[in-house]
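Q: The lines below spell out each chain.
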Amino acid sequence: MGRLYLIQLDGRVYSCRYCRSHLAQCDELVSKSFHCRHGKAYLFNTVVNVSLGPQEDRLMTTGKHTVADICCNCCQQVVGWKYESAFEKSQKYKEGKFILERAKMIDGDGASFYLDAHEVDSDADNE
Amino acid sequence: MGGDSDVGQPPLKRQKLSKPSHKTPCEGSRTGVAATGSAALMARSICSNDGETVGSHGQIRKVEFVRIIEQALFSLGYQQAGAVLEEESGIRLQSPAVQQFREDILAGRWDECVATLSEIGVLEESTYKAALFLVLQQKFLESLEASNTTAALETLRSEISPLGVSTSKVHQLASFIVCFPEDLLAKAQWKGAGQESRQSLLEELQQLLPPSIMVPERRLEHLIEVALQVQREACVYHNTLDHVLSLYSDHRCSRDQIPTRTLQVVEGDSLKVKYKFTGHSKPVSFVAWSPDDTMLLTCGNEEVVKLWDISTGQCKYTYDKPNSCFTSCAWFPDGKRFVSGGGDKCIYMWDLEGHELEAWKGARMPRINDLAITTDGSHMVSICDHKNIRIYNLEEKTERVIEEEKPITSLSVSKNGRYLLVNLVSQEIHLWDISAATKDLPKKYRGHKQGRYVIRSCFGGTDYAFIVSGSEDSQVYIWHRWNGELLDVLSGHSGTVNSVSWNPVNPHMFASASDDHTIRIWGLSNRPMPKKHDEKPGSSNGFDHLVNGGTRDLLENLRPFNSDTD
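Protein chains in written order, with this note's numbering: chain F, 1 to 127; chain B, 1001 to 1566.
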């Protein structure tokens, strides 16, 4: 394929588990208490090296949202989704932010996701 | 420039574009030059009347029109025709006084000149004095050259200084008295008495005096050239090498001036593989020809840089640094040095023997994505940290940073070294002026698709009037540089078009490289389609701008070398 354009981030970054391309910086983390079908998920302000899929409406534990799946530019794996719009006022804060599934990520210092087990699971979205 | 309003004049006559005193032509009229015959025709059919206008928009004064034509006739050498026109139209190019004045100047009869000057027309006080000064200055200098010092002194005293025009100049003239005649020419920057200096005096006076008294030289030609220039600039597809435009019709190039048709599809083993350069352990991501076309620099994707000799096919040197992750390199125009930069946040300048000449590093240096050097060697442009364009002036050691909002994937500089083009991930191409001191907004070009890959774009056509870029939707996009209009979208490739390169000497040809393992050569659509070739598969990754008109073996011989294949 052509030469992929991958953005390199500085500092502690979360990378794609399969291809190690950088996805998001630790500073951009908003919340760790989200859930998805495969386990935990983190909410980020911005992510890089991903491309958006088509938008669709999904019913989640917190209500109906319009989301678009995001996949890694390098390996084409679906790594999470982006909140395009939320139908309920209380969920509006998520609009424009990204969810990355913990199972698809590798932490900056190489730690695997098992170490995060001590986090409190509060009510959050189920995919 | 479309509107044609025919005013019902005799067929040979064309309409002038504008009054002599206005610079911009009006819309809807055609340019033209009245042929000699039509001048007489026209004069006969229109009676001379001072307030009358010609032209379909009534913007041209008849008197001025006739005078300019007369001037053109005289300057072309058609003295008789000019005289006939003057007689028939009753409009003289110059009043008799001006005529006399010109003759006096050219003959050197200075006193008569001075007398005539006051008769010429209503002149402003300062203009009159300035003109008088010029005439008397010429008289003074000629007397000095003839070693007639007393006469010169007399002129200076009684005629020039009472004018009160410019005391510093008068002092300067006085200083000329004390030099030798031989030095006079050099000191005064004067050509010496004779026709040449008198002619230039005449031209100076012409600029000084109002144009209605003395029509500026070559006025008609100037007006037509201005009109042609405007047409040329308005012509969006203009891409020809010849500079002479026809006067018979408004200049408008048709779409087939830009290459839109695939001339050749290069795939497989078609081009004779001259050399296969092996040695990189990572995919080759960047290639650069030396300015003299004898050497090649190749860069792996975050790897070492290798220098190859084209004539022998050998790797001359491998440039390495601990932690080397070079991503791009650029030659200096002298072909003896080049710079390379990469993810290790340093830019190194090397020579051909493998010595490191200079290094830019430090805490402030960011990660370099792309590098380029302008063709005059004065600026080094680098893409840092994905979003910043850093223009470093090599001579003055100063730099200017342009910040983009979205990440930049590739960089390209124009051949005249003034402009640079960057492709952004947000599917825009921005054109920046390197030399502009202020932060103007860049020109933006949109329409193509880009999101994941490094897509390259470049300048093209005569005067670099076009911007061409690849795209992830397998098409080639061509924009007009000045108005940003998307001129054409060329399909043909079946994969992402990664890189394009316009032929630097033939403005009607460019090449594109794509993920469908082919290179296409594009040319004008009235050429015949040639045959297809076959080649080994290998993804076409990138191009360097120096792909010359098909005479050189193209670079696909550099196979992307993956470490698990051989």
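Keep in mind that the hints were calculated from the coordinates and are not lab data.
A couple of the hints might just be wrong.
Claimed, not checked - 20 angstroms max Cα-Cα, derived EDC-like pairs, lysine to aspartate or glutamate:
1) B:Lys1406 - F:Asp107
2) B:Lys1282 - B:Glu1302
3) B:Lys1415 - B:Asp1334
4) B:Lys1345 - F:Asp57
5) F:Lys92 - F:Asp57
6) B:Lys1361 - B:Asp1334
7) B:Lys1406 - F:Glu28
8) B:Lys1387 - F:Glu28
9) B:Lys1361 - F:Asp57
10) B:Lys1406 - F:Asp57
11) B:Lys1387 - F:Asp10
12) B:Lys1316 - B:Asp1344
13) B:Lys1062 - B:Glu1217
14) F:Lys97 - B:Glu1356
15) B:Lys1316 - B:Asp1351
Q: A separate judgement is required for each hint: does it hold in the structure or not?
A: Here is what the structure says about each hint:
1. B:Lys1406 - F:Asp107: With Cα atoms ~25 angstroms apart, B:Lys1406 and F:Asp107 exceed 20 angstroms; violated.
2. B:Lys1282 - B:Glu1302: holds, 8 angstroms
3. B:Lys1415 - B:Asp1334: holds, 15 angstroms
4. B:Lys1345 - F:Asp57: Measuring from Cα to Cα gives roughly 44 angstroms; hence the hint is violated.
5. F:Lys92 - F:Asp57: holds, 15 angstroms
6. B:Lys1361 - B:Asp1334: violated, 24 angstroms
7. B:Lys1406 - F:Glu28: Distance of about 17 angstroms is within 20 angstroms: holds.
8. B:Lys1387 - F:Glu28: This hinted pair holds, its Cα atoms lying about 18 angstroms apart.
9. B:Lys1361 - F:Asp57: Answer violated: B:Lys1361 to F:Asp57 is near 50 angstroms, above 20 angstroms.
10. B:Lys1406 - F:Asp57: Violated, because 28 angstroms separates the two Cα atoms, which is more than 20 angstroms.
11. B:Lys1387 - F:Asp10: It holds: about 14 angstroms lies between the C-alpha atoms, which stays within 20 angstroms.
12. B:Lys1316 - B:Asp1344: Not satisfied, since the Cα-Cα distance of roughly 24 angstroms exceeds 20 angstroms.
13. B:Lys1062 - B:Glu1217: Holds, at roughly 19 angstroms.
14. F:Lys97 - B:Glu1356: violated, 46 angstroms
15. B:Lys1316 - B:Asp1351: holds, 12 angstroms
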